[in-house]
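Chemist: Sequence:
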Amino acid sequence: MAHEIKERHSGIVNVHFGENVMVVQPVNMYGCEIGDNVFVGPFTEIQNDVKIGAGTRIQSHTFICEFVNIGEKCFIAHGVMFINDLFSEGGPAQGRKDLWKPTFIGNHVSIGSNATILPVKICDHAVIGAGAVVTRDITEPGVYAGNPAKKLRSL
27 MAHEIKERHS GIVNVHFGEN VMVVQPVNMY GCEIGDNVFV GPFTEIQNDV KIGAGTRIQS
87 HTFICEFVNI GEKCFIAHGV MFINDLFSEG GPAQGRKDLW KPTFIGNHVS IGSNATILPV
147 KICDHAVIGA GAVVTRDITE PGVYAGNPAK KLRSL
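Residue numbers (the numbering used here): 27 to 181.
To be clear, the hints were calculated from the coordinates, so they are not data collected in a lab. For each residue, glycine too, the CB sits at the ideal point set by N, CA and C. Misleading hints may appear alongside valid ones.
[Said to hold, decoys possible] Derived BS3-like pairs (lysine-lysine); straight-line CA-CA distance at most 30 Å:
| no. | residue 1 | residue 2 |
| --- | --- | --- |
| 1 | K99 | K77 |
| 2 | K32 | K123 |
| 3 | K127 | K177 |
[Stated by the list, open to error] Simulated restraints on C-beta separations:
| no. | residue 1 | residue 2 | range |
| --- | --- | --- | --- |
| 4 | P118 | Y56 | 17 to 25 Å |
| 5 | L112 | G172 | 28 to 36 Å |
| 6 | L181 | I31 | 22 to 30 Å |
| 7 | A28 | A156 | 40 to 48 Å |
| 8 | N74 | S114 | 15 to 23 Å |
| 9 | S86 | K127 | 20 to 28 Å |
| 10 | N173 | N74 | 26 to 34 Å |
| 11 | Q51 | N173 | 30 to 38 Å |
| 12 | S139 | A119 | 36 to 44 Å |
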């Protein structure tokens, strides 16, 4: 018995690029906006309605879901995961975008490898340590680490 297989290919679809952008394949980018002088590493997914500010570097194996806005001159290390679904009704929203929440990352923010960023606001000039889980807004410049991420020191 033959089964129908639905297939999608990764690639770059409907992306608005600024000048002097470097993208290292393979990537999956669609419906997003990438500013000038941005670097995007391989094995990265950047989804609809994402905005990446000028001069930002996105390293490999990073997932940036819908409704994420990253400022200018940020550094997003390897394997960073952004989350827009808080499972507010006990499980995945399963495409119900009305349950998804936005994330705003300020300018000059560095996020370490394997950090997880829930729907929050992170102010300018913050450093998020490797493996941190950011569950609340960060409103003061500083270094944050841990699960949940807590301020270690001011900058």
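Chemist: It remains to establish, for every hint, whether it holds in the given structure.
Modeler: Here is how each hint holds up against the structure:
no. : hint                    : verdict
1   : K99 x K77               : holds, 13 Å
2   : K32 x K123              : holds, 23 Å
3   : K127 x K177             : holds, 23 Å
4   : P118 x Y56: 17 to 25 Å  : holds, 20 Å
5   : L112 x G172: 28 to 36 Å : violated, 20 Å
6   : L181 x I31: 22 to 30 Å  : violated, 51 Å
7   : A28 x A156: 40 to 48 Å  : holds, 47 Å
8   : N74 x S114: 15 to 23 Å  : holds, 20 Å
9   : S86 x K127: 20 to 28 Å  : holds, 26 Å
10  : N173 x N74: 26 to 34 Å  : holds, 29 Å
11  : Q51 x N173: 30 to 38 Å  : holds, 33 Å
12  : S139 x A119: 36 to 44 Å : violated, 27 Å
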